[in-house]
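Novice: Just so you know, the sequences run in chain order A and B. When the letters of the first sequence are read in order and numbered with numbering that gives the first Met the number 0, they come out as residues 0 to 103. When the letters of the second sequence are read in order and numbered with numbering that gives the first Met the number 0, they come out as residues 0 to 103.
Hint data in this document are derived by calculation from the structure and do not stem from the laboratory. Note that the structure is predicted; figures quoted are calculated from it, not measured. Errors might be hidden in some of the hints.
Identical chains blur together in the list; that is why a pair holds if it fits in one copy or across any two.
Claimed, not checked - Heads up, simulated DSS-like pairs for lysine-lysine below, C-alpha to C-alpha not over 25 Å straight-line:
1) K1 <-> K87
2) K50 <-> K87
3) K48 <-> K87
4) K7 <-> K48
5) K48 <-> K1
6) K7 <-> K50
Protein chains: 2
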Amino acid sequence: MKIAETLKLLADRTRLTILALLRERELCVCEIVEILETTQPNISQHLRKLKTAGLVSESRRGQWVYYSLSLTEVPYVQAVMDYVPSTKEQLDSIDLDCTDECCD
Amino acid sequence: MKIAETLKLLADRTRLTILALLRERELCVCEIVEILETTQPNISQHLRKLKTAGLVSESRRGQWVYYSLSLTEVPYVQAVMDYVPSTKEQLDSIDLDCTDECCD
DNA sequence: GACACATATAAGCAATTGATTATATTATAA
DNA sequence: TTATAATATAATCAATTGCTTATATGTGTC
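Make a model of the complete structure from these sequences and hints.
Specialist: Below, the structure written as structure tokens:
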């Protein structure tokens with residue numbers, strides 16, 4: 000059952016938060032690492048899973064790889080995301096705090 | 000994040016199938032065991048998780064405990080369930096095959 | 001009460017998973 | 001080309017999970 004696999008992907012706090020962040024705007028890996036206060040390999044592996052499932056897409060720009068949402072193919076994912084809390088505050092804090100940022 | 004916990008519940012083939020079966024009609028534990036061709040403790044434990052999350056409710060009738068859906072409280076669950084395949088055929092087969100049934 | 005049947009709970013185990021640490025790759029800049 | 005920064009991959013480990021076997025609880029019947 001394919002839906003069970005997709006739900007397994009969604010059933011993780013870190014991945015749900017990544018999706019919620021990307022809902023606001025595209026982000027590079029280091030920004031997500033900074034916001035979620037975890038390691039870079041951790042985020043990279045979560046992003047790979049999300050990419051494999053077609054939930055996010057990437058675009059390399061120089062050194063940085065930017066990830067963005069692509070939920071259109073999986074309809075119920077949108078319904079689920081409606082119940083994931085907003086991450087606007089977390090995003091605002093890194094936007095203000097430019098000196099600490101990994102990429103500009 | 001509460002939604003991550005609920006999604007973990009849904010992200011399991013067996014539990015999704017149980018919910019899909021209960022979508023058709025209420026069932027007692029032994030019927031579900033028969034349809035899914037697994038052990039009784041296995042199903043009982045899945046049902047307990049679903050009950051704790053408020054996704055199913057139980058009603059004892061004699062020796063038998065009947066389970067039924069109660070999805071109303073969690074809106075996105077309905078959206079997810081729309082993508083879980085029908086189990087009508089499996090249900091029909093045990094309905095015809097009365098001799099093998101555990102309860103009547 | 002004693003027995004049979006339906007269900008629940010407990011204990012144990014193998015498989016999966018999320019995270020960490022270490023290393024490799026890719027791109028930019030000096 | 002050498003150094004540095006961003007990202008990806010690999011290896012490892014602890015924690016969680018789904019299932020099984022064994023046992024307990026509950027209900028009806030004799």
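Novice: It remains to establish, for every hint, whether it holds in the given structure.
Specialist: Going down the list of hints, with the structure as the test:
1. K1 <-> K87: Answer is between: at 19 Å across copies they meet the 25 Å cutoff, but 32 Å inside does not.
2. K50 <-> K87: within (23 Å within a copy, 34 Å between copies)
3. K48 <-> K87: Only inside one copy: K48 and K87 sit 24 Å apart there, 33 Å across copies, limit 25 Å.
4. K7 <-> K48: Classified as both; 11 Å inside a copy, 16 Å across copies.
5. K48 <-> K1: both (15 Å within a copy, 22 Å between copies)
6. K7 <-> K50: both (14 Å within a copy, 20 Å between copies)
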